[in-house]
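Participant: For the protein sequence lines, the chains are A and B, in the order given.
All you need for our numbering is the position in the first sequence, starting with 1, plus 3.
All you need for our numbering is the position in the second sequence, starting with 1, plus 125.
There's no promise every hint is true.
Claimed, not checked - Pairs of lysine-lysine, BS3-like flavour, derived with a Cα cap of 25 Å:
#1 Lys151(B) x Lys73(A)
#2 Lys210(B) x Lys118(A)
#3 Lys133(B) x Lys14(A)
#4 Lys164(B) x Lys73(A)
#5 Lys119(A) x Lys183(B)
To be verified - If you only want the chain B side, here are some residues facing chain A, beta carbon under 7 Å, derived:
#6 Met126
#7 Asn128
#8 His157
#9 Asp225
#10 Gln227
#11 Lys231
#12 Phe301
#13 Arg302
What the hints assert, rightly or not - Residues on chain A that point at chain B, a partial pick, calculated with CB under 7 Å:
#14 Val5
#15 Asp22
#16 Val52
#17 Ser59
#18 Lys61
#19 Thr64
#20 Glu133
Keep in mind that the hints were calculated from the coordinates and are not lab data.
Don't be surprised by glycine CBs; every beta carbon is placed ideally from N, CA and C.
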Amino acid sequence: MVKINININNKAYSEEVEDNTLLVELLRDKLGLTGTHVGCDTSQCGACVIHVDGDSVKSCTVLAAQVNGKNLTTVEGLASEGQLHPIQKSFQNNHALQCGFCTPGLVMSAVDLLKKNSSPSEDEIRDWFEGHICRCTGYKNIIKAVQEAITQ
Amino acid sequence: MYNFKYHKAETIETARSLIAKSDDPKILAGGHTLIPTLKQRLSQPSDIIDISSIDELKMITLGDGFVTIGALCTHSDISNSPDIKKNITGLADLAKQIGDPQVRHKGTIGGSVANADPAADYPAAVLALDGEVITSTENHKATNFFVDMFETSLDPDEIITGIRLKIPNSSTYKKFRNPASGYAMVGVFMSRYDNDVKIAVTGASSSAYRMLDLEDSLKSNFNNDIMADVNIDTTNFNDDIHASAKYRGTILKVLLEEAILELK
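Using the sequences plus the hints, can you model the full thing?
Facilitator: Here is the structure:
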């Protein structure tokens, strides 16, 4: 077992995890933060994307033990005081989801993109979502949602 | 995943002593090859030694015509580094073409070079930039480092600490991406120095390699016309579900021509 201290969505956690526990397993199975999804478990689909120290990463490909001492944000940490994050709002406005399975990862990725590049072109948005798979929307409305969020 | 014992090493010395004490250790840097390998049970180490918090391995330093990149620099660190963008444009472009943004936030140059995947991008750059792989015990010339598929000249207890590259006058990386995996079906790194040209190819065969004959021809005449007379020997090329050896040869020729045109 490995003892870790982490901060998730501005709340401190002190946990004991198995040496081979994945970060996404810790979030979902132990801490009940089930907004982060597992689609493929092979770092391809992007449903498990969260932020670790400000960068978007695939939490299915990180060991829980690796994030000791780090600051994490999951999709549960985006809304504040009952208000959706602007990206969440624009996904809603643009019908950028159908089944919603891939959405938490895409939203977390989009937040990271706009933090690093405040006015990405359509090509840059599409490139940034390379590591995400959505089987419903055909991506069109997802791109529209990010473009709308740029203007806000 | 199989069970393993996780260790965090805060220094290279600690990591080396942990290696000495373990039956079958593996070093964890970014983990973006190692963790998927563990999940598929292709690897069954007894101990995982996490070196990712050793900050001295995260620096990029310039000096005397060389760039030294710490082993723990991520693909994202490299593609966004002003020093790399300015001095080795081809390398910044290469790093930006690896995987996807989330993978680039975690995967490291040291991990990729140590793994020596035949379709990985960095080996071509390290070879074509007269590179040296710096480890906890010695410096390896790139030309002696990449031995074969997933095989390098690293000893089991050796840890890569950095990659030293000679700054070229100009450089470029041309890659034909596998549309599913993003790995190089074929990738060509070309760099120009005063009176010198270096070319290395990845993805085409079991290990990245230099094209010495073509380098010689281009040294005397750096012109794309030269490609009309070049025959690519595809005898040892990979021939698999993604592309035949012949197709890889055709792609290679096109990429070489594009690289020459860009650096002309």
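Participant: Flag every earlier hint the structure violates by its number, smallest first.
Facilitator: 12, 13
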